[in-house]
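Enquirer: Sequence:
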Amino acid sequence: MNDLEKLMAEYDNELTFKFRSDMPDCLSGLIVNRKIYINANLPFQQALATLAEEIGHYETSATKNIVNYKEIANSKEEVKARRWSYQKLIPIECLTKFENQTVMNYEVAEELELPVDVIEEAFEMYKVKGELL
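For the sequence shown, position 59 (counting from the first letter as 1) is numbered 59 according to UniProt numbering, and the numbering increases by one without interruption.
Hints should not be assumed to be uniformly reliable.
[Unchecked claim] Simulated DEER-style distance windows between Cβ atoms:
id, residue 1, residue 2, range
1, Phe44, Pro24, 17 to 23 Å
2, Ala40, Ala9, 15 to 21 Å
3, Glu14, Lys80, 15 to 21 Å
4, Pro91, Asp25, 28 to 34 Å
5, Val103, Asn13, 34 to 40 Å
Since the hints were derived computationally from the structure, they do not count as laboratory data. Glycine residues also receive a C-beta, built at the ideal position from the N, C-alpha and C atoms.
Generate coordinates for the entire structure from the input sequences, incorporating the hints supplied.
Expert: Written out as structure tokens, the structure is:
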């Protein structure tokens, strides 16, 4: 079972997952009530990151409609879900093992099967929280 399947299995009794190839390219995923839609055209790494973020919305703001990002409160909800996803996919212990090594972010991303930008943002989040140097 890969990481995407494991993550879906954790929420199998709470959420429904649909991979749709007819979603617009600009939309990687969304959650409507307890149904998560993921763009089936995404590469595995991006699908995993998107799935985690959508579950993050479920965990942090399930009852809110945050489609309009121009509202500051909605942007905050988006950040909250994204941070939740980073902590779920990339626990601090996972990054600390790389902290004293000379590795590039793309190598960490490759090992964790996640997009490089997700790794970079997770590193930054943990630095801001004071958990990484």
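Enquirer: Now tell me, hint by hint, if it's right for this structure.
Expert: Results of checking the hints against the structure:
1. Phe44 with Pro24: 17 to 23 Å: holds, 20 Å
2. Ala40 with Ala9: 15 to 21 Å: holds, 19 Å
3. Glu14 with Lys80: 15 to 21 Å: holds, 19 Å
4. Pro91 with Asp25: 28 to 34 Å: Holds, at about 31 Å.
5. Val103 with Asn13: 34 to 40 Å: Holds, since Val103 and Asn13 (Cβ atoms, about 37 Å apart) stay within the stated range.
Consistency note: the structure conflicts with none of the earlier hints.
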